[in-house]
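Residue numbers (the working numbering), protein chains in the order written: chain A, 100 to 571; chain B, 10 to 541; chain C, 92 to 359.
Quick caveat, the hints were computed from the structure, so don't treat them as lab data. This one's a predicted model, so the numbers in the text were calculated from it and none came from an experiment. Please note that a few of the clues may not be correct.
DSSO-like cross-link-like pairs, simulated, lysine-lysine; straight-line CA separation at most 30 Å [stated by the list, open to error]:
(1) A:K372 / B:K419
(2) B:K272 / B:K298
(3) B:K35 / C:K206
(4) C:K206 / C:K225
Incomplete in silico selection of chain B near chain C, CB under 10 Å [unchecked claim]:
(5) A29
(6) A30
(7) M31
(8) R33
(9) L34
(10) R37
(11) H38
(12) E41
Virtual Cβ for every residue (Gly too), placed ideally from N, Cα, C.
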Amino acid sequence: MLQTLGHIQIGWLLIASLAVTGFVSFYVGRTSMARAPASGPLERSHSQPNYHGYFMAMCAAVPAALIFILYLVLSGGFIRSQLVSELPDYVRSLGALELDQYVDRLFEHAAMRDPQPTGNDLFDAASSRLTELRGQSRLLMLILALGAGLAGFVYGLRKLNRQFRARDYVEMGIVGVLFLCAAIAILTTLGIILSLIFETIRFFNSEGSPGLFGFLFGTEWNAQTGEDFGTVPLFLGTLLIALLAMCVAAPIGLFSAIYLSEYASPTLRAWIKPILELLAGIPTVVYGFFAAMVVAPAVRSGAQWINSLPFTSDTLLSAQPQSALAAGLVMGIMIIPFVSSLSDDVINAVPQTLRNGALAMGATPSETVRNVVLPAALPGIIAALLLAVSRAIGETMIVVMAAGQRAQITADPTSDLTTITVQIVALLTGDTEFDSAKTLSAFALGFVLFSVTLIFNLIALRVVQRYREKYD
Amino acid sequence: MTDAPEATPIERPSSFASEAAMKRLKRRHAAERRFRAYGLVAIGFAILALLVLVLSILTQAWSAFTRHEVVFDLTMERELIAPEGRDQPEQIASNVTGFNTLVQQDLLATFPETGRTRQLRREVFALTTRLAVLPIAHKVAEQPDLIDETVSVRAALSDDLDLYLKGGATDRRAMVAGQAGIIAANEAGLIEIEEIGDSRFAAFQSAVADLEGTDPSVLLRVDDTWFTLESINTNSLIASYLTGPAPLLGDRYETPIDALIIKTPASNRTVSDRQIAWTTMLNEQGRIKRVFNSGLFTQADSTYPELAGAAAAIVGSIFTMIVTALFAIPVGILAAVYLEEFAPKNRLTDLIEVNINNLAAVPSIVFGLLGAAVFLNLFGMPRSVPLVGGLVLGLLVLPTVIIASRAALKSVPPSIRTAALGLGASRTQAVFHHVLPLAAPGILTGAIIAMARALGETAPLLLIGMVAFVNEVPTRADQESTVLPVLIYKWFSGAERAWEPMTSAVIIILLVFLVLMNLAAVMLRRRFERRW
Amino acid sequence: MLDKTETSQPESAPSDKDTKIDCRHIDVFYGEKQAIFDISMPIRDRSVTAFIGPSGCGKSTFLRCMNRMNDTIDGARVEGEIIMDGADINDPTVDPVLLRSRVGMVFQKPNPFPKSIFDNIAYGARIHGLASSKSDLENIVETSLVRAGLWDEVKDRLASPGTGLSGGQQQRLCIARAIAVNPEVILMDEPCSALDPIATARIEELIDELREQYCLVIVTHSMQQAARVSQNTAFFHLGKLIEMGETEMMFTNPSNQRTQDYITGRFG
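Assemble the whole structure, with the sequences as input and the hints as a guide.
Structure representation (structure tokens):
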């Protein structure tokens, strides 16, 4: 019995028991309400019978669910420590890491639907003991949950009468759930910040850590070998590529936005805008493939051609098969729709009366745009560009596929470079242990990346909001 | 009123019409045209980039949707494929060596001259890969009565030769070199093919001379015997024997000499001269068929490009999307309902709002870090499973869903709410009975677009280990699997040239999914769009 | 004062040499919808012409024909001739940019550019190259502000943004901005509708002063305003010109019954 209970998927256990409790309570609440005699022909109850049912279901299911959650959070550690304490001494005297691995294997074995004996008596016994422990704890949890549900049920039943405002309580419950959903966004941010800070601190405390100064200002990066953690080459590489991307995206995005909002006929606009948005819908991995397969070879042969010109030195450009320029160009193309749609919004928010004022004075449309519309829209456009830069800094797949892995400090856009995001991917792809300086350095990089983009975003969003308020 | 202007009549120099003014106007109009042109050039560049991107991928992918297979008429000898003690269906299905021996025997019979050395055998056996016999094995395992029968089966041609037949990998040209006369051995141990005077001989000579210094392979063929060209004399060709039936030395042939000039030097390609010769022969005998590459949709990943398929990734993507949708859409909608309809104006609400807007702009890779640190390290969830991947992507697109849902809720006019409240509905009832249904199309459109974004996301999934090599199609959301964009990244990193068209093909599959989802969103918007 | 009474009593039949703009058979369409039906009217130089009529009657649309501002609206189409100084302004060879520098316009809502007061006024002069030196430009700014009666109020803060002025000041700034280009005609589209009565009185006074040097056309929904500032009045209804004549005549003895009804407040 305990063994069977230990093997059932915990999810089914949860759904089945909660559903049964909920339905029963709902039914009881509804019928007891419907049967209650009305005190007069005109008397109306505050809440419909269904709401009494919902109220009862809520009373019973919420405490039970809380017990479940508590179990999910606490049981794993408890079962583990109990199991370890029951293991023979010679196993327990293994190193912490090996013991952990041993127990992990046990858990894995016990989690199989139909565990076959391995032949190792101790292992099999421990595995079956684990399932048993699990069954015991689940039985306990079920009893507790049922008890809590019953208590809630009784509490609800005593409240129930014809005048009871069940609907108010149900609605409070609904709003509570809604609030929890909204709070998940905050939890996510908290989770990001806490995990990044936590792992970053671990990185600086770990063996081989370069210290904060060495990390931020060191010029050598060899994290794969766990030797050098100087991030300056990564920062410079990221900046160079973001700069190249903005050189493409800013003018093209801005001019497309101006053309679309100021010159294009409605039909043209209706065609061009979705086409530009197509660029935004293409996955970044596709851009990366394009950058590596089409643009990088073109950049390379272009650089070789420049090198071969009579008035340039043959080693002017390094002309690598992977290059910052290829990644930057393609990233720029990717960001075009981002810049153009954000600028389009801010340009359209400039009141038409301003344009009329300039046109009526005999300004040409381009003079109107340059002297009146753009200055008025400038804060919004700067914010759009900031958001675009933040996106360029955080973009991953294009640089992973087209920019290279070599950490070097150079201003030559045809040489291969590496960036923060490339290194995060390189350090965390594949099997990773969470306790080496190598892995943890990825989190330190992530922390830097998150902070920088966060600052950019906060400034940009604030500016955009101010701007909207100004013209609303 | 004290500063009324003195009523001096103003002089109008009519400076507009002056020559200088007209010149100025001309300049201004030129600037206007330039400015307009910049805008057009910018839009043109963006569209051109899109076109180049799509076309370059399409042309590459085109070849991967078909593949070449070699037809074999094999007698399924029992002692090879199902010997005593290994004749259970599952044993037959996994007996790669046995079936492979059949294929190899057939190749040796087709090209008997290859039996002589180990090197030659290895070269001819490389026409197909070892695992290419798996479909045959499965077929025989299902129908044991085929054993000892002669069956016509097909096995995938090796990826390099497949690429060669599709015209990639090598730059080549076929022509007729002339008419063969007597073939004889010369003093240096080479073979001299007499050319009896044909108008095409001169053209061949100049074609070869053009390639002076680039080290091309020139294959000659008389009947079914293949030679490699060593040098050209005035009326004869000096060549060495390559493959095929041994030439009858001293005989007069009187048949045309076919030449195949392969401009790519042998050291720069992955297919040898002999393999090209054999493939050409097989092709002429009709034993190579170009078929639709259905394996792309039915096979899981493989280390051999010709056997690899995207099925596991497609299924993995679907599982991941289901998890993402189940998490992000309900939570996103409910959060939007709270913020738009119930949230009191206070600092906590402001914080949530700022936070959501910010979260929407956080780089996606940071969510990968979150997943690695929290889901994998802290909660100890398994790596590489759609469940975790879906949750990470769910968190990633949650702000998008919330923002889209809020916009949809905001577009429902307040009069609807007041009407419901006026009938005595509670706020919750007004929202859930009236506002939410009216906002549903807009919310759904936003949700689909968010899902499309999640479908194309790669970086966060790399960090939670979804790059695993998965050679079986997953059946549950908690099994190891990969997803389409990650598969693209993986195949892109593959060394063989054949991965390139395969990668493009997967990109096309992914783009088709994305286009379908976006089309659905557009249709939904068109169908249900309501102007208040 | 003497001067004023003279000009406000023009000859009964406007002679050709007094006509600044002659509109002939104007039709305006927005897409399929026709907004103006066959309107012809002469507009006299150095006087104020007022357009009145119920809202939506097409008076603003007609006003916008005279500097081709309708060109900026997608789908708008103007037919007919508008002769100014002997040339049809709708002729394709006429450059709207040049035209608008000769026909200035002031809008319903004050729309100063988000720039300094100085730059607002100087903008037109700069783009049209009217000033050859900095002192020239300063001169133009000062004269325009003086003419618009704003100089004393803003002379100490020319560098502060134009958007910081009060509504009435902003509108006078816009008038000054229009004057700075040295136009021949100034079109005003309900210039006082967003202003309080005191600011309105100030603008009306200004209009009266400007009349001596410019041809002014003003759209207004206030009949009192039309009566106060204009010499000629045109009454529009449903896109048609119902009646046009000297203001005094129109308000005392209109020939058309609908004009009478509108003026006496029976509809509108």
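- Task: Would you mind confirming whether the straight-line C-alpha gap from K272 (chain B) to K298 (chain B) stays at or under 30 Å?
- Result: With a Cα-Cα distance of about 26 Å, the restraint between K272 (chain B) and K298 (chain B) holds, given a limit of 30 Å.
- Message: Take the shortest C-beta to C-beta distance between R37 (chain B) and chain C; is it under 10 Å?
- Response: Hint holds; R37 (chain B) Cβ to chain C Cβ min 7 Å, cut 10 Å.
- Task: Sort out whether K225 (chain C) lies within 30 Å of K206 (chain C), counting only the CA atoms.
- Result: It holds: about 18 Å lies between the C-alpha atoms, which stays within 30 Å.
- Using Cβ atoms only, decide whether E41 (chain B) comes closer than 10 Å to chain C, and label the hint accordingly. With a minimum Cβ separation of about 8 Å from chain C (threshold 10 Å), the hint on E41 (chain B) holds.
- Restraint check for K35 (chain B) with K206 (chain C), where alpha carbons must lie at most 30 Å apart: holds (27 Å)
- Task: Would you check whether R33 (chain B) satisfies its interface hint, that is, whether its CB is within less than 10 Å of any CB in chain C?
- Result: With a closest approach of 5 Å, the R33 (chain B) hint holds.
- Using 10 Å as the Cβ threshold, decide whether M31 (chain B) counts as touching chain C. holds (9 Å)
- Do the numbers back the hint for L34 (chain B), that is, is its least Cβ distance to chain C under 10 Å? This hint holds: L34 (chain B) lies near chain C, its Cβ roughly 6 Å from the closest one there, short of 10 Å.
- Would you mind confirming whether the straight-line C-alpha gap from K372 (chain A) to K419 (chain B) stays at or under 30 Å? holds (24 Å)
- Item | chain C contact restraint for A30 (chain B) - C-beta distance below 10 Å | Holds: closest Cβ of chain C sits about 7 Å from A30 (chain B), inside 10 Å.
- Query: Taking the least C-beta to C-beta distance, is H38 (chain B) closer than 10 Å to chain C?
  - Reply: holds (7 Å)
- Message: Next item in the hint list is A29 (chain B). Is there a CB on chain C closer than 10 Å to its CB?
- Response: With a closest approach of 8 Å, the A29 (chain B) hint holds.
Violated hints for the displayed structure: none, as all numbered hints are satisfied.
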